[in-house]
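Colleague: Sequence:
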Amino acid sequence: MKTLITIITIALSTLFVNAQTSSEKELLKTLNETTPKALQDNKVPGLALAIIKNGDVIIKKEYGFSDVSENEIVNSKTGFNIGSISKMFTAWGIMKLVEDQKLNLDAPASKYLLNWKLPSSEFDSDKVTIRNLLQHTAGLSVHGYNGYETKDELTSIDASLSGTTNLDEKVELVMEPESKWKYSGGGYSILQLVIEDVSGKSFADYMKEHIFKPLKMKQTSFNISKKVLKNSAKAYDEEGNEIPLRLFNTQAAAGFHTTIDDLILFAKASFSKNPVLSEESIALLIKPTELSKGNYGMGYMIMNRFGDFTLSGHGGSNEGWQSGFMLDFESKSGIIILTNGSNGKNVLFGNLQDWAKWHGSN
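Residues in the sequence shown are numbered from 1 upward in steps of one, following the UniProt record's numbering.
All clues stand as given, with none of them false.
No more than 20 Å apart at the CA atoms, straight line, and that leaves these computed lysine to aspartate or glutamate pairs for DMTMM-like:
id : residue 1 : residue 2
1  : 226       : 72
2  : 117       : 158
3  : 332       : 280
4  : 182       : 172
I should point out that these hints are in silico values taken from the structure, not numbers from a laboratory.
With the sequences and hints as input, model every part of the structure.
Modeller: In C-alpha coordinates form, the structure reads like this:
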(Lines of atoms letter the chains of each structure in order from A and count residues from 1; the text may use other names and numbers.)
(Lines give C-alpha, C1' and ligand atoms only; values in the text may rest on other atoms or scores of the structure.)
Protein backbone atom coordinates (compact mmCIF):
# COMPACT_ATOMS: atom_id res chain seq x y z
CA MET A 1 0.00 0.00 0.00
CA LYS A 2 2.82 2.43 0.91
CA THR A 3 4.44 1.73 -2.48
CA LEU A 4 1.17 2.48 -4.28
CA ILE A 5 0.71 5.74 -2.36
CA THR A 6 4.29 6.75 -3.19
CA ILE A 7 3.74 6.05 -6.91
CA ILE A 8 0.51 8.06 -6.93
CA THR A 9 2.18 10.95 -5.08
CA ILE A 10 5.09 11.04 -7.55
CA ALA A 11 2.67 10.89 -10.49
CA LEU A 12 0.62 13.79 -9.16
CA SER A 13 3.76 15.82 -8.47
CA THR A 14 4.87 15.22 -12.07
CA LEU A 15 1.50 16.45 -13.35
CA PHE A 16 1.89 19.65 -11.31
CA VAL A 17 5.38 20.30 -12.68
CA ASN A 18 4.37 19.64 -16.30
CA ALA A 19 1.44 22.06 -16.03
CA GLN A 20 3.48 24.88 -14.48
CA THR A 21 4.54 28.04 -16.27
CA SER A 22 8.20 29.05 -16.30
CA SER A 23 7.68 31.57 -13.49
CA GLU A 24 5.90 28.94 -11.37
CA LYS A 25 8.75 26.50 -11.97
CA GLU A 26 11.16 29.21 -10.87
CA LEU A 27 9.21 29.69 -7.63
CA LEU A 28 9.24 25.94 -6.99
CA LYS A 29 12.99 25.91 -7.65
CA THR A 30 13.46 28.66 -5.06
CA LEU A 31 11.36 26.79 -2.49
CA ASN A 32 13.22 23.54 -3.14
CA GLU A 33 16.54 25.31 -2.63
CA THR A 34 15.65 27.24 0.54
CA THR A 35 13.17 25.07 2.45
CA PRO A 36 15.25 21.95 3.25
CA LYS A 37 18.11 24.09 4.58
CA ALA A 38 15.73 26.26 6.61
CA LEU A 39 14.17 23.14 8.14
CA GLN A 40 17.59 21.78 9.06
CA ASP A 41 18.88 25.09 10.44
CA ASN A 42 15.80 25.53 12.63
CA LYS A 43 15.54 21.88 13.74
CA VAL A 44 12.07 21.52 12.23
CA PRO A 45 11.47 17.98 10.93
CA GLY A 46 8.79 18.56 8.31
CA LEU A 47 6.61 20.92 6.32
CA ALA A 48 3.65 20.78 3.94
CA LEU A 49 2.99 23.65 1.56
CA ALA A 50 0.44 24.65 -1.06
CA ILE A 51 0.30 27.65 -3.37
CA ILE A 52 -2.86 28.71 -5.16
CA LYS A 53 -3.14 31.07 -8.12
CA ASN A 54 -6.41 32.18 -9.73
CA GLY A 55 -8.25 29.56 -7.69
CA ASP A 56 -6.04 26.66 -8.82
CA VAL A 57 -3.28 24.82 -6.98
CA ILE A 58 -0.03 25.45 -8.83
CA ILE A 59 2.33 23.99 -6.21
CA LYS A 60 1.73 21.34 -3.59
CA LYS A 61 4.89 20.15 -1.91
CA GLU A 62 5.93 18.29 1.23
CA TYR A 63 9.37 18.32 2.82
CA GLY A 64 11.04 16.31 5.57
CA PHE A 65 9.63 14.00 8.21
CA SER A 66 6.34 13.60 10.01
CA ASP A 67 7.96 11.11 12.40
CA VAL A 68 11.74 11.23 12.73
CA SER A 69 12.18 8.05 14.77
CA GLU A 70 10.12 5.99 12.31
CA ASN A 71 11.60 7.71 9.25
CA GLU A 72 8.08 8.61 8.05
CA ILE A 73 8.00 11.42 5.49
CA VAL A 74 5.38 14.17 5.31
CA ASN A 75 2.68 13.66 2.67
CA SER A 76 -0.44 15.58 1.68
CA LYS A 77 -2.58 13.59 4.12
CA THR A 78 -0.29 14.09 7.13
CA GLY A 79 -2.19 15.71 10.01
CA PHE A 80 -0.99 18.90 11.72
CA ASN A 81 -2.29 20.97 14.61
CA ILE A 82 -2.81 24.48 13.24
CA GLY A 83 -3.18 26.48 16.45
CA SER A 84 -4.98 29.79 16.12
CA ILE A 85 -6.00 29.16 12.52
CA SER A 86 -8.78 27.38 14.42
CA LYS A 87 -10.30 30.83 15.05
CA MET A 88 -10.93 31.29 11.34
CA PHE A 89 -13.04 28.13 11.25
CA THR A 90 -14.84 29.10 14.45
CA ALA A 91 -15.81 32.35 12.71
CA TRP A 92 -17.31 30.28 9.88
CA GLY A 93 -19.25 28.25 12.45
CA ILE A 94 -20.66 31.43 14.00
CA MET A 95 -21.54 32.96 10.63
CA LYS A 96 -23.34 29.76 9.65
CA LEU A 97 -25.59 30.21 12.70
CA VAL A 98 -26.10 33.85 11.72
CA GLU A 99 -27.15 32.83 8.20
CA ASP A 100 -29.49 30.24 9.72
CA GLN A 101 -31.02 33.10 11.77
CA LYS A 102 -30.07 31.49 15.07
CA LEU A 103 -27.61 34.23 16.05
CA ASN A 104 -27.41 38.01 15.77
CA LEU A 105 -23.89 39.41 15.52
CA ASP A 106 -24.83 42.51 17.48
CA ALA A 107 -26.76 40.78 20.25
CA PRO A 108 -25.11 40.32 23.66
CA ALA A 109 -23.28 37.00 23.91
CA SER A 110 -25.01 36.52 27.28
CA LYS A 111 -28.33 36.14 25.42
CA TYR A 112 -27.14 32.79 24.03
CA LEU A 113 -25.24 31.36 27.01
CA LEU A 114 -27.39 28.94 28.98
CA ASN A 115 -25.27 28.39 32.09
CA TRP A 116 -21.82 30.00 32.11
CA LYS A 117 -21.69 33.80 32.37
CA LEU A 118 -18.86 36.33 32.41
CA PRO A 119 -17.93 37.09 36.02
CA SER A 120 -19.16 40.41 37.39
CA SER A 121 -16.76 43.34 37.10
CA GLU A 122 -16.76 47.12 36.85
CA PHE A 123 -17.70 46.71 33.18
CA ASP A 124 -21.10 45.75 31.77
CA SER A 125 -20.89 42.20 30.37
CA ASP A 126 -24.14 42.69 28.44
CA LYS A 127 -22.25 45.07 26.16
CA VAL A 128 -20.13 42.16 24.89
CA THR A 129 -21.61 41.14 21.54
CA ILE A 130 -20.92 38.17 19.29
CA ARG A 131 -19.28 40.59 16.85
CA ASN A 132 -16.98 41.87 19.63
CA LEU A 133 -15.85 38.34 20.43
CA LEU A 134 -15.07 37.63 16.77
CA GLN A 135 -13.18 40.93 16.38
CA HIS A 136 -11.23 40.80 19.68
CA THR A 137 -12.90 44.05 20.76
CA ALA A 138 -14.74 42.67 23.80
CA GLY A 139 -12.09 43.73 26.33
CA LEU A 140 -11.41 40.21 27.59
CA SER A 141 -8.47 38.53 29.32
CA VAL A 142 -6.60 35.35 28.25
CA HIS A 143 -4.46 35.77 25.15
CA GLY A 144 -4.03 32.06 24.45
CA TYR A 145 -3.90 28.50 25.75
CA ASN A 146 -1.11 25.96 26.25
CA GLY A 147 -3.25 22.82 26.12
CA TYR A 148 -2.93 19.58 28.08
CA GLU A 149 -0.56 16.65 27.77
CA THR A 150 -3.11 13.89 28.50
CA LYS A 151 -6.85 13.33 28.08
CA ASP A 152 -7.11 12.79 31.84
CA GLU A 153 -6.23 16.46 32.38
CA LEU A 154 -8.95 17.78 30.06
CA THR A 155 -11.72 19.69 31.80
CA SER A 156 -15.03 21.07 30.54
CA ILE A 157 -15.07 24.31 28.56
CA ASP A 158 -17.06 25.88 31.43
CA ALA A 159 -14.34 24.98 33.92
CA SER A 160 -11.68 26.37 31.63
CA LEU A 161 -13.55 29.66 31.18
CA SER A 162 -14.04 29.94 34.94
CA GLY A 163 -10.35 29.31 35.62
CA THR A 164 -11.07 26.50 38.08
CA THR A 165 -8.06 24.51 36.84
CA ASN A 166 -4.40 25.19 37.49
CA LEU A 167 -3.66 25.43 33.78
CA ASP A 168 -6.32 27.86 32.56
CA GLU A 169 -6.69 31.51 33.49
CA LYS A 170 -10.18 32.87 34.18
CA VAL A 171 -11.80 34.67 31.25
CA GLU A 172 -13.10 38.05 32.42
CA LEU A 173 -13.68 41.62 31.32
CA VAL A 174 -10.57 43.72 31.91
CA MET A 175 -11.55 46.81 29.93
CA GLU A 176 -14.61 48.51 28.51
CA PRO A 177 -16.04 46.59 25.52
CA GLU A 178 -15.35 48.28 22.16
CA SER A 179 -12.79 50.63 23.68
CA LYS A 180 -9.67 48.92 22.34
CA TRP A 181 -8.51 45.97 20.24
CA LYS A 182 -7.19 43.20 22.53
CA TYR A 183 -6.48 39.71 21.21
CA SER A 184 -8.27 37.11 23.31
CA GLY A 185 -8.31 33.37 22.81
CA GLY A 186 -10.66 33.44 25.77
CA GLY A 187 -13.22 35.25 23.64
CA TYR A 188 -13.15 32.41 21.13
CA SER A 189 -13.67 29.92 23.94
CA ILE A 190 -16.87 31.82 24.74
CA LEU A 191 -17.84 31.51 21.06
CA GLN A 192 -17.27 27.76 21.36
CA LEU A 193 -19.78 27.66 24.20
CA VAL A 194 -22.21 29.86 22.24
CA ILE A 195 -22.12 27.40 19.33
CA GLU A 196 -22.76 24.50 21.71
CA ASP A 197 -25.61 26.21 23.58
CA VAL A 198 -27.35 27.45 20.43
CA SER A 199 -26.93 24.29 18.34
CA GLY A 200 -27.45 21.77 21.14
CA LYS A 201 -24.41 19.85 19.85
CA SER A 202 -20.82 19.58 20.96
CA PHE A 203 -18.60 22.13 19.25
CA ALA A 204 -16.67 19.40 17.40
CA ASP A 205 -19.86 17.71 16.16
CA TYR A 206 -21.41 20.99 15.04
CA MET A 207 -18.30 21.96 13.08
CA LYS A 208 -18.07 18.53 11.48
CA GLU A 209 -21.71 18.52 10.40
CA HIS A 210 -22.07 22.12 9.24
CA ILE A 211 -18.58 23.10 8.06
CA PHE A 212 -16.23 20.18 7.40
CA LYS A 213 -18.67 17.67 5.91
CA PRO A 214 -20.25 20.09 3.37
CA LEU A 215 -16.75 21.16 2.28
CA LYS A 216 -15.63 17.50 2.04
CA MET A 217 -12.87 18.07 4.60
CA LYS A 218 -12.70 14.41 5.61
CA GLN A 219 -9.30 14.58 7.32
CA THR A 220 -10.18 17.46 9.63
CA SER A 221 -11.33 17.35 13.24
CA PHE A 222 -11.41 19.12 16.58
CA ASN A 223 -11.55 15.70 18.28
CA ILE A 224 -8.14 14.02 18.48
CA SER A 225 -9.27 10.42 17.97
CA LYS A 226 -7.14 7.33 17.33
CA LYS A 227 -7.84 7.75 13.61
CA VAL A 228 -6.57 11.34 13.72
CA LEU A 229 -3.47 10.33 15.70
CA LYS A 230 -2.69 7.51 13.26
CA ASN A 231 -2.23 9.98 10.41
CA SER A 232 -0.76 12.82 12.45
CA ALA A 233 2.77 14.12 12.37
CA LYS A 234 4.65 14.08 15.66
CA ALA A 235 5.40 17.41 17.34
CA TYR A 236 8.96 18.63 18.02
CA ASP A 237 10.39 21.34 20.28
CA GLU A 238 12.98 24.05 19.57
CA GLU A 239 15.82 21.52 19.81
CA GLY A 240 14.15 19.04 17.50
CA ASN A 241 13.12 16.68 20.30
CA GLU A 242 9.79 14.88 20.04
CA ILE A 243 7.17 16.15 22.49
CA PRO A 244 3.60 15.03 23.28
CA LEU A 245 0.78 16.28 21.08
CA ARG A 246 -1.07 18.69 23.33
CA LEU A 247 -4.85 18.47 23.65
CA PHE A 248 -7.33 21.34 23.95
CA ASN A 249 -10.74 21.67 25.55
CA THR A 250 -10.65 25.24 24.23
CA GLN A 251 -10.95 23.84 20.71
CA ALA A 252 -12.31 26.98 19.04
CA ALA A 253 -9.18 28.92 19.94
CA ALA A 254 -6.44 26.41 19.16
CA GLY A 255 -7.51 22.77 18.85
CA PHE A 256 -7.90 22.25 15.09
CA HIS A 257 -6.19 19.26 13.40
CA THR A 258 -6.10 19.02 9.61
CA THR A 259 -4.06 18.33 6.46
CA ILE A 260 -2.73 20.35 3.56
CA ASP A 261 -5.26 18.64 1.26
CA ASP A 262 -8.22 19.70 3.40
CA LEU A 263 -6.96 23.26 3.76
CA ILE A 264 -6.73 23.46 -0.02
CA LEU A 265 -10.41 22.48 -0.18
CA PHE A 266 -11.21 25.22 2.33
CA ALA A 267 -9.20 27.82 0.43
CA LYS A 268 -10.96 27.00 -2.83
CA ALA A 269 -14.35 27.13 -1.10
CA SER A 270 -13.45 30.56 0.29
CA PHE A 271 -12.97 31.91 -3.23
CA SER A 272 -16.19 30.61 -4.79
CA LYS A 273 -19.81 29.71 -4.16
CA ASN A 274 -19.84 27.04 -1.49
CA PRO A 275 -22.46 25.08 0.49
CA VAL A 276 -21.64 26.73 3.84
CA LEU A 277 -21.43 30.54 3.63
CA SER A 278 -22.50 33.21 1.18
CA GLU A 279 -19.99 35.53 -0.47
CA GLU A 280 -21.49 38.35 1.60
CA SER A 281 -20.76 36.55 4.87
CA ILE A 282 -17.18 35.80 3.87
CA ALA A 283 -16.70 39.43 2.84
CA LEU A 284 -17.90 40.46 6.29
CA LEU A 285 -15.39 38.14 7.97
CA ILE A 286 -12.44 39.65 6.10
CA LYS A 287 -13.57 43.27 6.52
CA PRO A 288 -10.94 45.07 8.67
CA THR A 289 -11.99 46.20 12.13
CA GLU A 290 -11.33 49.87 12.85
CA LEU A 291 -10.08 49.28 16.40
CA SER A 292 -7.48 46.81 15.06
CA LYS A 293 -6.08 49.57 12.82
CA GLY A 294 -7.12 47.49 9.84
CA ASN A 295 -5.18 44.39 10.91
CA TYR A 296 -8.03 42.07 11.92
CA GLY A 297 -11.53 41.24 10.73
CA MET A 298 -13.63 38.50 12.32
CA GLY A 299 -11.45 35.42 12.71
CA TYR A 300 -9.09 36.68 10.01
CA MET A 301 -5.82 38.56 10.28
CA ILE A 302 -5.42 41.23 7.58
CA MET A 303 -1.91 41.87 6.22
CA ASN A 304 -0.68 44.47 3.74
CA ARG A 305 3.04 44.53 4.46
CA PHE A 306 4.22 42.03 1.84
CA GLY A 307 3.36 44.01 -1.27
CA ASP A 308 0.66 45.83 -3.18
CA PHE A 309 -1.99 43.30 -2.20
CA THR A 310 -4.00 42.36 0.88
CA LEU A 311 -3.71 38.97 2.58
CA SER A 312 -6.47 37.60 4.79
CA GLY A 313 -6.05 34.51 6.94
CA HIS A 314 -4.38 33.53 10.19
CA GLY A 315 -1.22 32.21 11.74
CA GLY A 316 -1.11 29.30 14.15
CA SER A 317 1.36 28.71 16.97
CA ASN A 318 1.24 25.89 19.51
CA GLU A 319 4.11 24.07 21.17
CA GLY A 320 5.54 21.80 18.48
CA TRP A 321 3.52 23.35 15.65
CA GLN A 322 3.67 26.50 13.52
CA SER A 323 1.42 27.23 10.55
CA GLY A 324 0.19 29.93 8.21
CA PHE A 325 -2.86 30.32 5.98
CA MET A 326 -2.99 33.49 3.87
CA LEU A 327 -5.28 34.30 0.93
CA ASP A 328 -5.41 37.18 -1.54
CA PHE A 329 -9.16 37.24 -2.21
CA GLU A 330 -8.88 39.76 -5.03
CA SER A 331 -6.76 37.43 -7.19
CA LYS A 332 -8.04 34.16 -5.68
CA SER A 333 -4.48 33.26 -4.73
CA GLY A 334 -2.73 32.26 -1.53
CA ILE A 335 -0.27 30.17 0.41
CA ILE A 336 -0.72 27.51 3.10
CA ILE A 337 2.20 26.26 5.20
CA LEU A 338 2.15 23.63 7.96
CA THR A 339 5.12 22.59 10.12
CA ASN A 340 5.64 20.19 13.02
CA GLY A 341 8.32 22.10 14.91
CA SER A 342 8.30 24.90 17.48
CA ASN A 343 10.77 26.85 15.32
CA GLY A 344 8.59 26.43 12.25
CA LYS A 345 7.70 30.12 12.17
CA ASN A 346 11.21 30.94 10.96
CA VAL A 347 10.80 28.52 8.06
CA LEU A 348 7.28 29.46 7.04
CA PHE A 349 8.05 33.18 7.18
CA GLY A 350 10.82 32.61 4.64
CA ASN A 351 8.41 30.67 2.42
CA LEU A 352 5.83 33.43 2.79
CA GLN A 353 8.35 36.09 1.77
CA ASP A 354 9.50 34.08 -1.27
CA TRP A 355 5.90 33.56 -2.37
CA ALA A 356 4.86 37.18 -1.72
CA LYS A 357 7.77 38.49 -3.79
CA TRP A 358 6.78 36.16 -6.62
CA HIS A 359 3.05 36.87 -6.24
CA GLY A 360 3.59 40.61 -6.35
CA SER A 361 5.23 40.35 -9.77
CA ASN A 362 2.92 37.70 -11.24
